[in-house]
Structure formats: structure tokens, C-alpha cells
Amino acid sequence: MAKILLVEDNEMNRDMLSRRLARKGYEVAIAVDGREGVEKAKAGAYDLVLMDMSLPEIDGWEATRQLRAAAETSALPIIALTAHAMSGDRERALEAGCNDYDTKPIELDRLLSKIKALLPGAA
Amino acid sequence: MTDPSLMTVSGLRHDLRTPVNHIVGYAEMLLEELDGPPDAAPRRALQETLDAARDVLSIIDRDLSSARTGVSPRDLAGLYDSLREPQGRILRTLRDLLASGAGGGDGFREDIERIVRAAERLVEPEPPTRGDEADAPSPRAATAAGEAREAAQAAILVVDDVEDNRELLRRRLERQGYRVEQAEGGRAAIAAVTRQPFDLVLLDVMMPDVDGYEVLEQLKSAPATRDIPVIMISALDDMASVVRCIERGAEDYLPKPFDPTLLRARVSACLEKKRLRDQEKEYLAQVRRVIDAARAVEAGAYRPGGLAGLAERDDELGRLARVFDGMVLGVRAREERLRDRVRDLRAEIEAAGGSGKQNGTVIDGGNLQPGERFAERYEVRAVIGAGGMGSVYRARDCELDEEVAIKTLRRELVADETLIERFKQEIRLARKISHRNVVRTHDLGVWSGVHYLTMEYVEGMTVRDLIDSRGQLGVSASLAIGTQLAEALAVAHEQGVVHRDIKPQNLLLDADGVLKVMDFGVARLAEYQSTLTEAGLVVGTPAYMSPEQLLGESLDGRSDLYSAGVVLYECLTGCLPFEASSPVSLIAKLLNEQPRSPIDVNVDVPPALSGLIVELLAKKPGDRPASAQELAKRLREME
Numbered sequence: 000m001a002k003i004l005l006v007e008d009n010e011m012n013r014d015m016l017s018r019r020l021a022r023k024g025y026e027v028a029i030a031v032d033g034r035e036g037v038e039k040a041k042a043g044a045y046d047l048v049l050m051d052m053s054l055p056e057i058d059g060w061e062a063t064r065q066l067r068a069a070a071e072t073s074a075l076p077i078i079a080l081t082a083h084a085m086s087g088d089r090e091r092a093l094e095a096g097c098n099d100y101d102t103k104p105i106e107l108d109r110l111l112s113k114i115k116a117l118l119p120g121a122a
Numbered sequence: 000m001t002d003p004s005l006m007t008v009s010g011l012r013h014d015l016r017t018p019v020n021h022i023v024g025y026a027e028m029l030l031e032e033l034d035g036p037p038d039a040a041p042r043r044a045l046q047e048t049l050d051a052a053r054d055v056l057s058i059i060d061r062d063l064s065s066a067r068t069g070v071s072p073r074d075l076a077g078l079y080d081s082l083r084e085p086q087g088r089i090l091r092t093l094r095d096l097l098a099s100g101a102g103g104g105d106g107f108r109e110d111i112e113r114i115v116r117a118a119e120r121l122v123e124p125e126p127p128t129r130g131d132e133a134d135a136p137s138p139r140a141a142t143a144a145g146e147a148r149e150a151a152q153a154a155i156l157v158v159d160d161v162e163d164n165r166e167l168l169r170r171r172l173e174r175q176g177y178r179v180e181q182a183e184g185g186r187a188a189i190a191a192v193t194r195q196p197f198d199l200v201l202l203d204v205m206m207p208d209v210d211g212y213e214v215l216e217q218l219k220s221a222p223a224t225r226d227i228p229v230i231m232i233s234a235l236d237d238m239a240s241v242v243r244c245i246e247r248g249a250e251d252y253l254p255k256p257f258d259p260t261l262l263r264a265r266v267s268a269c270l271e272k273k274r275l276r277d278q279e280k281e282y283l284a285q286v287r288r289v290i291d292a293a294r295a296v297e298a299g300a301y302r303p304g305g306l307a308g309l310a311e312r313d314d315e316l317g318r319l320a321r322v323f324d325g326m327v328l329g330v331r332a333r334e335e336r337l338r339d340r341v342r343d344l345r346a347e348i349e350a351a352g353g354s355g356k357q358n359g360t361v362i363d364g365g366n367l368q369p370g371e372r373f374a375e376r377y378e379v380r381a382v383i384g385a386g387g388m389g390s391v392y393r394a395r396d397c398e399l400d401e402e403v404a405i406k407t408l409r410r411e412l413v414a415d416e417t418l419i420e421r422f423k424q425e426i427r428l429a430r431k432i433s434h435r436n437v438v439r440t441h442d443l444g445v446w447s448g449v450h451y452l453t454m455e456y457v458e459g460m461t462v463r464d465l466i467d468s469r470g471q472l473g474v475s476a477s478l479a480i481g482t483q484l485a486e487a488l489a490v491a492h493e494q495g496v497v498h499r500d501i502k503p504q505n506l507l508l509d510a511d512g513v514l515k516v517m518d519f520g521v522a523r524l525a526e527y528q529s530t531l532t533e534a535g536l537v538v539g540t541p542a543y544m545s546p547e548q549l550l551g552e553s554l555d556g557r558s559d560l561y562s563a564g565v566v567l568y569e570c571l572t573g574c575l576p577f578e579a580s581s582p583v584s585l586i587a588k589l590l591n592e593q594p595r596s597p598i599d600v601n602v603d604v605p606p607a608l609s610g611l612i613v614e615l616l617a618k619k620p621g622d623r624p625a626s627a628q629e630l631a632k633r634l635r636e637m638e
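Chains A and B are the protein sequences, given in the same order.
Everything in the first sequence is counted per numbering that gives the first Met the number 0, starting at 0 for the first residue and increasing by one.
Everything in the second sequence is counted per numbering that gives the first Met the number 0, starting at 0 for the first residue and increasing by one.
Just so you know, the hints here were simulated from the structure itself, not pulled from any lab data.
Incorrect hints may appear among the rest.
[What the hints assert, rightly or not] Here are some of the chain B residues that sit facing chain A, going by a computed Cβ distance under 7 Å:
1) N20
2) G24
3) L30
4) L33
5) F107
[Claimed, not checked] Computed from the model, here is a short list of chain A residues facing chain B with C-beta under 8 Å:
6) M11
7) R13
8) M15
9) S17
10) R18
11) R19
12) A28
13) K103
14) I105
15) L107
Being a predicted model, the structure only gives us computed values, none of them experimental.
Glycine residues also receive a C-beta, built at the ideal position from the N, C-alpha and C atoms.
Sequences are here, hints too, so could you generate the full structure?
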């Protein structure tokens, strides 16, 4: 079963997304800010990270850069989540090292297909 | 990021979308989790919620597109208004669902409540119209209703040169139950606050005629308007001017475009602070009333009951007012008793021959003659007394043009230089006593070899004259004498001065019945003299002397209390506690015998007063009342 690390500071978003992913059969771990996200990602064996980009402590952009810079997480799939449907966010996210990008509100099916595409064993 | 207005639009979009994201996310999730038929009530409600939330999103995208560079207040108001329709649908649907009790377990209800809270955060909901939603008032709605009631009286002045801004604020604030006035510029704002009181001013910084800084400064410098809270209105990016305003006394600021939740929170917080401050001011005003009342008491102008209203408060201040009023009533009663007693004393004085003119009649033995100029300053008018110490004259102080009494001291008394020095010391102390019942000592001087004292001249008679003329005095008049004497002694003893020669001859009464004790510090001179000459103990009459004084022991104020007891005894009975044919046998009696109680001599003397006098005449100082203060208190309170 795939293990996903959800890095999200908003409690409602966290609760919602983790419950929905769990129902779809994923094992979900939680980090509440960028620093904790980086620490957990490095320490645990995760298959994928869902990274909110506006986070306290260090934001998602910086956390992504740090994960990419570390040997043990340099290849870990990361999907950026942003609330701003700003043009340019997608490019920025990819530039920072994210593998994909999605906007809130989450459309679960869309997000699930992006997750599946990035997980090991995917075509 | 560099264009502030752009940031504002994106920030606003973010703020509005966040709760919608929560609504959509939870609704979708719950739909996934729900079992049961597709037309079951919870599923229908969640579907409706999702539809409404999607409407909200499309309104946000329409009105706050990424291409926009700014939002006018009017646009913002329009946006909020259009968001309220789908918001209302969500709230109604979900509250109905909660009220029906339908759905899954506790977890489900909790999730629905979270969606409701997210929907409430979206935009300030329309206030429910009367009777609407009465079935399911949320705690929040109850609070809002409370706020509206409280706000009903608050008057807010909105100052902005842009009509749209004023209009927007007015509508919002009025909807929250405030009374709103508008001013289109600084000048109009100043005019408005001087015309009527406001509870809060919302003040734009940039205005063409008189700007916000100037208005703020004027408001904060005038006592009448200083306490009106001011919330500055400024563009989001203009932190420098916000700081400037807060330094000048503004309470808070509101960024444009107005966020309704922020507006509501800041306005109600400001008004609450003002309410507390007003309460505090009112409290302090009441405290000031108590202080004023205390001053009035000192000035003799306080009327009991003057703190009415205040005394009815059920807090500490009310209690203070009640206690205060009660105390004043007690003091009043004592003062009235004293006034009655003095009135009786005056009647006795009048009966004894008026203000004692007989004192000015010829007394032999003076060195100075009437009409004589003395010490190049005083013109002698009359001899008014002669005794063991010397003579007393009435004279005019030509320098100050006032009447004085001059007491010349017999040469033998002042022959020794060191004694003179000690005497001066004594007089210096006595001069410090300032009391209405003490004859003021002015100066000690020497002229042509004659040592003399000048002092306040009191037109009147001595208690000696009064007793001699009346035989004995009534209880009331005696109490008037005793109380005033005790008060004079209390003040003197406090200054460290013991009189040592309290006797009726040294107690003057003016025509108003005011008693004045004279010769403070003077008796000491005679004592030195007797020690020096070893001529025995008797200087003047020993009848008023305490046993310790007669024995030449060290003494304190309680010796004066003994003498006061003798004076009171004599006033009430017309005789002395001990009488004998020779000084030697008198002293023997005085040291060894108990006097007859005043009540045994005169049945009219109240038992309590008689007992008090017996106490004063105790042989041992320790058996007498402890102080003149205590004696005064006991005499004042005697019925």
C-alpha cells in the first residue's frame, strides 16, 4: 500500500484530504509545517508528498527545494497544492522541483490520477 | 508582488476561496462516505451545498479575476451581496439537516457543523429578518443579536471624501445596528463632533481639505473629544501613515478594501473599550464626589445625605459613601452638642457681667502706666492682671496696629542668664502651638532690663472670674469648658509642650464662649526659680497641681489632666477637691486623701462625668485617662 506524506497547515484541509485518501486505500501521514514536512520526508519511507505551498516556518517552495537537495529525497515525487489559481504557479512549482501541481479546491479524482501517475509501478 | 492593488485582489480572492474550499472538500468527502439511497436527505443536502459552493466559486472568479488590478468599495459591496445568496442556501440547507437529526453518527454531525462554520466565515451573513430562522438560532446568531442590542445606542461618525466608501461603511454599520453620521471631509468632521457626541470616529487619512492627521490631532487635543476612539481608514500598503496615526492617538486602523469581519471586530472592540473607559470615568467622578464631600465636611458645608444616589450603589464605593455619611452624622451630632454647651456657657458669661469689662478696671502693682510707650513699639492701654510672675497689660502694637497682651516678668524670675536661655527654649516650643483654644504667644523680649512676653489679646473674662461670679456652673457650660480645655491640651501635648499651670485664672473665655488657654511655657520659669532658690515647692497656689508636680517628680501631659480635673471639679461644684487653712495641710491632703466625688457635692452632676473627674484626680498618672485626646473624646461624647 502506498504511503503519502501530506504537508498542510490548515486543520480542515488536513482532516478532509487525509480522510478521503485513506478511504481510497492510501496510508497517510501528516506534517503541519514546512520544517516538519522536510524532517518527516527525510526520515520516513514515503512514496509521495502532497505539499501545500503556503506554510508557516518554511513555505512549500523552500521545503521542496530542500527535499530536492537532499540525497535521500531527491527523487521523491512531490505534488504542489496551491490555493491561488494564479497563472505562473504551475511553472514556479515545477521549477522548484515539484513533479506536478494541483489547485484547491481539490478535485479528488483529478488529484488521484496525478498521484497514481507518480507512484512507483505506474506506467 | 510589487503591485499592491494586485496583491489586494489576490489576497481577497484567497481569503474568500479558503472557506469555500473547505465547504466543497467536506461536502464531497461526506458524499463519498455516505451510504444509503441517492435521494436520502443528507445526500440531497450535501449535493445542494456543493452546488451552492460552486456558485460561490464562480462568482469569486467572475468578480476577482486574475486580470483585475483593484476593487472599488462599491464593487466589493456588490460582490459580498451576491455571495450572500449561495451562502444563505448552504446555511439553510445544513441547519435544516442538523435540526432534522438526519444523517450518520456524531462524526457526521460534527463534519456538517464544520461546513456551517466555514460558510459563516465566507461573508458576514444577512441579519435574520424578524421571525426568520427562529427555530434554529445558532450560538453565533445569539451573540450577534446581543451585539446588535448593545450597538443600538452607539453613534459612529464616518469621515471619508469618497462617497462610495462612506456609503459602504454606512450600510454595513447600520446593518449591525449602529447609528451612523457621515462627513465628507475634515472640516465637516470637526463640525460634527462639536455638534453632537460620538462613540467612535472612522477617519480616512487622505482627504483634500483638512486631512485625517489634522482631524485626529484636533480631536485628541480637545478635552471634550479626546476620549472618542478613532479608527483610521487607510490603504493596505500605507503602513507608514497607520503608524503615524497610532502615534498620534488613533485606536486602530482599517485597511481598504474593507473586510466586513475585520470591520465588525474592530468597531465592536473599540466601542467595548470606550464603554469600559466611560464606566471607569463615571466611577472616578463618583470617587471625586466623595472627596468633594470630605472637603465640604472640613469647610463645614457638608449636608448629611449629600451623597444620595451614590450611597445606594451596591459596590465598595456605595459602602464608602454610606459609612462616610454615617460618620458625618455622628460628628454633626457631637458638634451640635458642643454648640449647645457653648451657648449655655455664653449664657453664664453674660449673667456674670458680659464680656468681662471688670478685668480692665484698676489693678494695682503694674510697673507700666496706661498711655506709656513700651519697647518703642507698644502703647500701654490698661493693666489687666497681676500675679506671681508679673503684670499683664493690654497694649496696642503700633507697628502692626493690633491689640496685644504684654506680660512683664518680675526681675527676680529672670535674674539668671542660663534660666533665661531655658525659658526662651520653652517659649519657642510654645509658639508652635496654633489652635483656636490656645492664646498665641508672639514674642519674648527685653527692654530697659524688663523681660516681657507679647501674646494674642483676648477680650473676655477668665474662668476664675466666671466661677467667682456664678458660684458654680451648669453641667453643660462646664462640659463646654472641659472639652475645649482638653482639645487645647491635646494639641500642646502633641507638640511636646506640657502646660504645668492649668488653673481657672489661665483660662480665658471670649464673649462667644470660646475658651483660650494662656501661658503655655510660662510656668516653667517659676519652677526653675523654686528649684534655684530652694524656697520650697509653693509657687502660687498648689490646689491645681498634680501630686507628681508637688513632689517635684518628672511629669508629662497627664499632670495637666489632673489640673483639668480640678478645674472641672470647681466648675461643677464651686469648691475645690481639697481645701485647707494652710498650704502645708492642703498639700498633705492632696497627697494622701481621696476627694469627695463631684456628684456627692452636687447631685446634678451626671454620674459618668463625676466618675471621669475622679479618674482625672487619681494620684498616680497611670490611673488617669491616657491622654488629653482621650479626655476630649470622652467629654465630647458625654450625653
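Results of checking the hints against the structure:
no. : hint : in the structure
1   : N20  : holds, 4 Å
2   : G24  : holds, 4 Å
3   : L30  : violated, 10 Å
4   : L33  : violated, 12 Å
5   : F107 : violated, 12 Å
6   : M11  : holds, 5 Å
7   : R13  : violated, 10 Å
8   : M15  : holds, 4 Å
9   : S17  : violated, 10 Å
10  : R18  : holds, 6 Å
11  : R19  : holds, 5 Å
12  : A28  : violated, 19 Å
13  : K103 : holds, 5 Å
14  : I105 : holds, 6 Å
15  : L107 : holds, 6 Å
Hint compliance for this structure: hints 3, 4, 5, 7, 9, 12 are broken, all remaining hints hold.
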